[in-house]
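Residue numbers (my numbering), protein chains in the order written: chain R, 6 to 193; chain E, 316 to 660; chain S, 12 to 579.
Hints were generated in silico from the structure; no laboratory data involved. It is possible that part of the hints are untrue.
Here are the simulated lysine-lysine pairs, DSSO-like style, with alpha carbons at most 30 Å apart [unchecked claim]: (1) R:LYS86 <-> S:LYS163; (2) S:LYS253 <-> R:LYS65; (3) S:LYS18 <-> R:LYS65; (4) S:LYS246 <-> R:LYS136; (5) S:LYS343 <-> S:LYS302; (6) R:LYS153 <-> S:LYS253; (7) S:LYS246 <-> R:LYS86; (8) S:LYS18 <-> R:LYS153.
Taking beta-carbon pairs under 7 Å as the criterion, some of the chain R residues facing chain S (in silico) [as the list claims (entries may be wrong)]: (9) THR33; (10) VAL74; (11) CYS76; (12) ASP138.
This one's a predicted model, so the numbers in the text were calculated from it and none came from an experiment. Glycine included, every Cβ here is placed at the ideal spot set by N, Cα and C.
What follows is each chain in one-letter form.
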Amino acid sequence: MTMQVERPKLTIWERTYLPQILHGLWLTLKHIPQRKFTRQYPEEKPPLHGAYRGAPTLVKDPEGRVKCVSCQLCEFVCPPKAIRITPRARPEDVPDANVEKEPEDFVIDMLRCIYCGYCEEVCPEEAIFLKQDFAIAGYTREELRFHKEKLLELGGVQPDSIWKWKFKGAPPLDAPGAPKREGAGRKG
Amino acid sequence: MIPLLLIHLIKIACVIGVMLGIVAYTVLAERKICAWMQDRIGPNRVGPFGLLQPVADGLKFIFKEDVLPHHVNKVYFTLAPMIAMIPALITIAVVPWGSQLVIPSVSHDPIPGVIANLNVGILFVFAISSLGVYGIVLAGWSSNSKYPFLGGIRSSAQMISYEVCLGLSVVPVFMQVGSLNLMKVVEYQAQHTWLGFTQPLSCFIFLVSAFAETNRLPFDLPEAEQELVGGYHTEYSSMKFAMFFLGEYAAMFMASALMATLFFGGWSLPFAPFNAPAQTLTVGLIHIGIFLAKVCGFLFFFIWVRWTIPRFRYDQLMTLGWKIFIPLTLLNILISGVVLAVITK
Amino acid sequence: MAEQTVKLTIDGKEVAAPKGMNLIEAAKLAGIEVPHYCYHPKLAVVGNCRMCLVDVGMPKMGLDKKPEIGPDSKPVIMFGPKLTIGCNTSVAEGMVVHTRSPKVIKAREGVMEFLLINHPLDCPICDQAGECRLQEFSVDYGKGQSRFVEEKVHKPKKTEIGPKIMLDDERCILCSRCVRFMRDVAGQDCLGFVNRGSYSTLTCYPGMEPNTNYDLNITDICPVGALTANDFRFKQRVWFLKETKSVCPNCATGCNTVLWSREGVVHRQTPRDNDAVNQCWMCDSGRLHYKFINDPHRITTPTVKSSAMGERLALTWPEATRQIAEKLMPLKGKGSTIAAIGTARATTEELFLFNKLMREILGAELVDCVPHVGEADKFLLDADRNPNTNGAKLTGVAGEPIGSRIPAIAEAIKSGKIKTLIVHGENVVKYGVTEELLAKLDLLVVIDTLPNKVTELAHYVLPGATFAEKRGTFINARNRLQRLNAAIPSPGIARPEWQTFAALLNELGGDGGYLTIEDVFADMARLLAPLAGLNLSKIGDLGVELKPATETKGEAKTESTAAAGAKT
Ligand code: SF4
Ligand code: SF4
Ligand code: SF4
Ligand code: SF4
Ligand code: FES
Numbered sequence: 006m007t008m009q010v011e012r013p014k015l016t017i018w019e020r021t022y023l024p025q026i027l028h029g030l031w032l033t034l035k036h037i038p039q040r041k042f043t044r045q046y047p048e049e050k051p052p053l054h055g056a057y058r059g060a061p062t063l064v065k066d067p068e069g070r071v072k073c074v075s076c077q078l079c080e081f082v083c084p085p086k087a088i089r090i091t092p093r094a095r096p097e098d099v100p101d102a103n104v105e106k107e108p109e110d111f112v113i114d115m116l117r118c119i120y121c122g123y124c125e126e127v128c129p130e131e132a133i134f135l136k137q138d139f140a141i142a143g144y145t146r147e148e149l150r151f152h153k154e155k156l157l158e159l160g161g162v163q164p165d166s167i168w169k170w171k172f173k174g175a176p177p178l179d180a181p182g183a184p185k186r187e188g189a190g191r192k193g
Numbered sequence: 316m317i318p319l320l321l322i323h324l325i326k327i328a329c330v331i332g333v334m335l336g337i338v339a340y341t342v343l344a345e346r347k348i349c350a351w352m353q354d355r356i357g358p359n360r361v362g363p364f365g366l367l368q369p370v371a372d373g374l375k376f377i378f379k380e381d382v383l384p385h386h387v388n389k390v391y392f393t394l395a396p397m398i399a400m401i402p403a404l405i406t407i408a409v410v411p412w413g414s415q416l417v418i419p420s421v422s423h424d425p426i427p428g429v430i431a432n433l434n435v436g437i438l439f440v441f442a443i444s445s446l447g448v449y450g451i452v453l454a455g456w457s458s459n460s461k462y463p464f465l466g467g468i469r470s471s472a473q474m475i476s477y478e479v480c481l482g483l484s485v486v487p488v489f490m491q492v493g494s495l496n497l498m499k500v501v502e503y504q505a506q507h508t509w510l511g512f513t514q515p516l517s518c519f520i521f522l523v524s525a526f527a528e529t530n531r532l533p534f535d536l537p538e539a540e541q542e543l544v545g546g547y548h549t550e551y552s553s554m555k556f557a558m559f560f561l562g563e564y565a566a567m568f569m570a571s572a573l574m575a576t577l578f579f580g581g582w583s584l585p586f587a588p589f590n591a592p593a594q595t596l597t598v599g600l601i602h603i604g605i606f607l608a609k610v611c612g613f614l615f616f617f618i619w620v621r622w623t624i625p626r627f628r629y630d631q632l633m634t635l636g637w638k639i640f641i642p643l644t645l646l647n648i649l650i651s652g653v654v655l656a657v658i659t660k
Numbered sequence: 012m013a014e015q016t017v018k019l020t021i022d023g024k025e026v027a028a029p030k031g032m033n034l035i036e037a038a039k040l041a042g043i044e045v046p047h048y049c050y051h052p053k054l055a056v057v058g059n060c061r062m063c064l065v066d067v068g069m070p071k072m073g074l075d076k077k078p079e080i081g082p083d084s085k086p087v088i089m090f091g092p093k094l095t096i097g098c099n100t101s102v103a104e105g106m107v108v109h110t111r112s113p114k115v116i117k118a119r120e121g122v123m124e125f126l127l128i129n130h131p132l133d134c135p136i137c138d139q140a141g142e143c144r145l146q147e148f149s150v151d152y153g154k155g156q157s158r159f160v161e162e163k164v165h166k167p168k169k170t171e172i173g174p175k176i177m178l179d180d181e182r183c184i185l186c187s188r189c190v191r192f193m194r195d196v197a198g199q200d201c202l203g204f205v206n207r208g209s210y211s212t213l214t215c216y217p218g219m220e221p222n223t224n225y226d227l228n229i230t231d232i233c234p235v236g237a238l239t240a241n242d243f244r245f246k247q248r249v250w251f252l253k254e255t256k257s258v259c260p261n262c263a264t265g266c267n268t269v270l271w272s273r274e275g276v277v278h279r280q281t282p283r284d285n286d287a288v289n290q291c292w293m294c295d296s297g298r299l300h301y302k303f304i305n306d307p308h309r310i311t312t313p314t315v316k317s318s319a320m321g322e323r324l325a326l327t328w329p330e331a332t333r334q335i336a337e338k339l340m341p342l343k344g345k346g347s348t349i350a351a352i353g354t355a356r357a358t359t360e361e362l363f364l365f366n367k368l369m370r371e372i373l374g375a376e377l378v379d380c381v382p383h384v385g386e387a388d389k390f391l392l393d394a395d396r397n398p399n400t401n402g403a404k405l406t407g408v409a410g411e412p413i414g415s416r417i418p419a420i421a422e423a424i425k426s427g428k429i430k431t432l433i434v435h436g437e438n439v440v441k442y443g444v445t446e447e448l449l450a451k452l453d454l455l456v457v458i459d460t461l462p463n464k465v466t467e468l469a470h471y472v473l474p475g476a477t478f479a480e481k482r483g484t485f486i487n488a489r490n491r492l493q494r495l496n497a498a499i500p501s502p503g504i505a506r507p508e509w510q511t512f513a514a515l516l517n518e519l520g521g522d523g524g525y526l527t528i529e530d531v532f533a534d535m536a537r538l539l540a541p542l543a544g545l546n547l548s549k550i551g552d553l554g555v556e557l558k559p560a561t562e563t564k565g566e567a568k569t570e571s572t573a574a575a576g577a578k579t
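All chains, please: the whole structure from these sequences, using the hints.
Right, dumping it as structure tokens:
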């Protein structure tokens with residue numbers, strides 16, 4: 006179906022376009038003194054939505070422990086292969102050594118990361134979070150390969166209630182009902 | 316006493332210097348004003364309020380890589396930006412910036428406020444400024460690629476058409492003044508009334524044609540970036556591009572200066588002591604200030620219009636020029652002639 | 012002797028299984044998986060995990076000792092009141108087995124739930140994750156949720172089971188595979204369970220710990236992450252690793268193995284089933300014999316000694332080949348001044364080309380390999396620590412017995428008769444050709460993977476590839492031809508030696524034309540009777556047994572007997 010568009014009949018004065026032009030000039034002139042909307046980034050940061058997905062970071066639990074156990078699931082799931090983890094056994098002398106594994110190094114190549122959030126989603130320990138840092142810049146490629154310390158610094162402490170170390174660990178040997186651990190295992 | 320030649324050289328240096336300075340800051344003003352009109356702030360990072368932005372821009376242009384595409388005609392390609400810029404700088408020679416400067420320690424006679432006090436001033440302006448189109452046409456042709464070529468063609472047609480309007484529109488002015496000397500035109504206005512009031516149609520057509528001649532919106536069809544990428548300067552970069560850019564703004568300055576001179580009293584204001592050639596140095600300098608203020612006003616108008624009115628279609632442009640303005644100017648000449656004949660009788 | 016077979020029905024499928032086979036294996040024949048933990052085909056059956064429960068029915072026997080026929084003219088089947096474990100039930104004529112009946116599914120869910128009650132469920136940390144039976148069966152047969160809300164029983168998390176193995180008792184599901192392996196296969200009865208019920212804990216007998224050369228096999232057979240090898244623990248996740256079928260180069264047995272590598276680095280070596288060679292085990296010394304592959308000191312580029320001071324200059328391959336060929340060219344036909352020491356650790360193809368180059372082209376007579384002899388044990392480890400002695404003999408590089416010409420070579424260098432020596436992959440300084448002797452040589456060309464005294468003295472050093480970096484074959488002590496595959500690329504511009512030999516052959520006017528390893532093998536199969544009719548793909552993953560070379564001598568055509576497994 007065709008539609009007939011009624012064209013407005015213009016007067017001679019209107020057909021010179023001058024009224025419209027003058028009106029336009031007045032409009033733009035009016036805007037000159039008006040309030041400006043420019044945000045003075047980087048001094049003024051934009052307010053981000055809580056679910057904003059910025060750079061991935063590593064977090065610590067409220068007691069200051071690195072939560073990552075180096076399971077490498079994030080390394081596996083990361084679509085652009087931005088994550089590289091070097092696992093190691095947790096040193097014997099730290100408290101909570103019964104969580105045996107931790108990352109020796111944890112590298113995220115921010116040039117590769119696409120901020121997809123898969124790592125956060127897959128992490129079984131809730132140790133990696135996409136926080137709100139979005140302006141990642143550097144002068145060299147190496148600078149943008151964030152290592153464990155940098156990631157932990159960016160991540161800070163995650164105030165959540167995952168206390169996986171809280172109730173773990175072998176009970177003291179003399180605790181009632183504790184299994185007798187004899188035998189010649191070197192340590193036990 | 317300073318030799319006359321030296322005085323002339325100093326005058327030339329001052330005029331070119333001031334003009335290029337204003338041109339540079341017009342670019343900044345353009346960006347600032349357009350930002351304000353769009354409720355933005357505009358450049359504000361280089362220097363206080365972004366006032367050093369032109370310096371940054373200049374440095375950037377200088378340090379950019381100068382790309383010379385292999386398919387261009389190298390000689391004309393290099394020549395074109397110069398040709399586009401120089402006419403605007405030359406024509407300013409006949410425009411009176413002030414009445415005269417009385418500096419007895421420097422010269423016995425008052426120094427005229429114009430570089431070359433030509434009898435055929437306005438003809439000189441039209442003659443030289445129409446050379447500007449060569450720069451654009453050459454750029455479009457020597458670039459040897461389609462968008463610059465289209466831009467060049469559009470530009471030649473547009474500029475030649477509007478030169479006719481421009482030329483015809485000012486005829487009544489000189490009929491009224493009785494001289495082609497721009498100094499005389501200003502003095503006439505200083506003594507009588509501004510020609511903008513006696514010749515409003517001339518004034519209007521001249522103004523609109525000036526937009527077309529300087530390739531400014533709403534008549535910037537030769538560069539029309541949405542359709543022609545960048546028009547004639549698509550292939551240009553670095554300082555060569557900067558020269559086109561400067562040329563465009565210098566032409567704008569020139570157009571503003573002519574508007575001020577021809578229709579709005581040049582250096583004069585309609586009351587004493589600004590309505591007669593200056594007898595003291597102070598008044599002479601104020602005259603120059605008045606002239607520049609008027610020019611700046613028109614530069615603002617150019618910018619204002621650019622950020623308000625969208626681009627015309629090419630056929631509209633041509634219709635406006637040939638079918639409306641040319642008959643109107645002819646009519647205007649006729650009426651002016653009749654009226655003048657009646658009055659002087 | 013023809014095996015007796017019985018016919019039975021498993022999940023509606025007719026299966027003919029050899030008499031005495033258990034139901035897990037019989038179901039496997041029908042392509043049906045019966046989940047199991049404690050059962051292992053190579054270990055005694057104990058039936059303690061109860062995961063393999065299936066519903067078993069037998070035809071009802073009439074008084075005439077014939078199956079009763081029901082109204083549907085089929086035998087009437089009587090199912091037991093309880094489920095039966097598949098691992099300890101042998102097939103019987105007419106038996107009907109359901110592995111997916113509601114009863115069975117329920118039973119498995121129950122078993123899984125019990126197993127997980129005290130399991131720590133720390134898969135993110137556990138090294139077994141990704142190849143864990145408990146994980147797999149939880150997904151396939153578990154309920155997906157637990158009703159257990161009480162505190163779990165905690166057991167020692169880090170117990171050293173001997174120097175090579177770490178035990179996490181919380182993860183142990185008490186299947187006793189490890190106990191049985193140590194007792195029955197490794198021959199050291201040293202593991203057992205203490206305490207009762209949910210406190211049962213695996214531990215070593217007092218004062219004992221596994222210290223055989225086969226301990227690490229228990230980390231393979233442990234279905235969960237309780238036993239982990241210290242060598243591999245926390246190194247890499249298994250899902251990143253590429254598996255490449257290979258053969259252990261540590262002794263003449265030639266255990267079939269899998270190399271697990273990621274991005275050019277081998278992370279572990281595990282045994283691969285081959286009943287004709289190693290069943291599913293391998294010795295620890297062989298298993299850990301892969302580290303030299305990733306040695307940071309590997310020779311990566313050809314070099315030439317550029318001055319008396321021992322400085323070395325890197326060369327490109329064409330340059331190195333050209334220079335060496337230039338030096339060797341005038342010696343063609345003066346074989347008596349040339350000696351060559353090859354290695355029985357090289358592939359048969361390389362030995363073949365080595366022999367061709369040294370004996371046929373250069374005419375050298377003093378060519379031999381270095382014997383490596385160790386102590387044999389009664390299980391897998393062979394006294395001959397060369398993986399390819401039979402290959403060296405077959406191709407003619409090795410003397411009879413192997414190494415018998417080495418003293419003659421040393422003597423000839425001493426007397427100044429031999430001026431040129433070519434050494435492949437052996438530190439001959441340790442075997443009688445001393446440094447002083449090497450220093451007397453006019454030309455010493457060494458092809459090796461790692462630097463040693465000989466490469467220091469050599470005029471030319473050409474980098475070689477380890478067994479993990481090339482294709483080729485070994486012939487093991489029992490004359491079985493087995494295939495290697497390339498798991499990782501060589502470091503730098505190092506390349507498999509057969510390419511180096513082929514390039515030299517080409518330069519020196521041999522017929523050459525070897526572009527691929529297949530070309531080399533084809534030529535070898537043409538010339539060496541025991542290999543006739545074979546090619547690399549015919550060897551298969553499990554290898555083929557060759558007839559002893561002596562038997563085939565004089566025969567016009569040789570049949571190689573492919574082992575039964577080779578076809579699978
Ligand atoms: S956000 Fe996505 S791309 Fe970035 S590290 Fe995580 S998984 Fe990789
Ligand atoms: S998924 Fe979580 S726990 Fe696992 S390695 Fe990544 S950050 Fe660490
Ligand atoms: S043994 Fe298996 S189920 Fe248990 S923690 Fe390890 S991977 Fe997970
Ligand atoms: S350690 Fe492993 S093999 Fe040994 S009993 Fe426990 S689960 Fe079974
Ligand atoms: S496999 Fe049958 S009971 Fe464990």
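Now for the hints, and whether the structure bears them out:
{"no.": "1", "hint": "R:LYS86 <-> S:LYS163", "verdict": "violated (37 Å)"}
{"no.": "2", "hint": "S:LYS253 <-> R:LYS65", "verdict": "violated (33 Å)"}
{"no.": "3", "hint": "S:LYS18 <-> R:LYS65", "verdict": "violated (62 Å)"}
{"no.": "4", "hint": "S:LYS246 <-> R:LYS136", "verdict": "holds (29 Å)"}
{"no.": "5", "hint": "S:LYS343 <-> S:LYS302", "verdict": "violated (39 Å)"}
{"no.": "6", "hint": "R:LYS153 <-> S:LYS253", "verdict": "holds (27 Å)"}
{"no.": "7", "hint": "S:LYS246 <-> R:LYS86", "verdict": "holds (18 Å)"}
{"no.": "8", "hint": "S:LYS18 <-> R:LYS153", "verdict": "violated (62 Å)"}
{"no.": "9", "hint": "THR33", "verdict": "violated (61 Å)"}
{"no.": "10", "hint": "VAL74", "verdict": "holds (5 Å)"}
{"no.": "11", "hint": "CYS76", "verdict": "holds (3 Å)"}
{"no.": "12", "hint": "ASP138", "verdict": "violated (25 Å)"}
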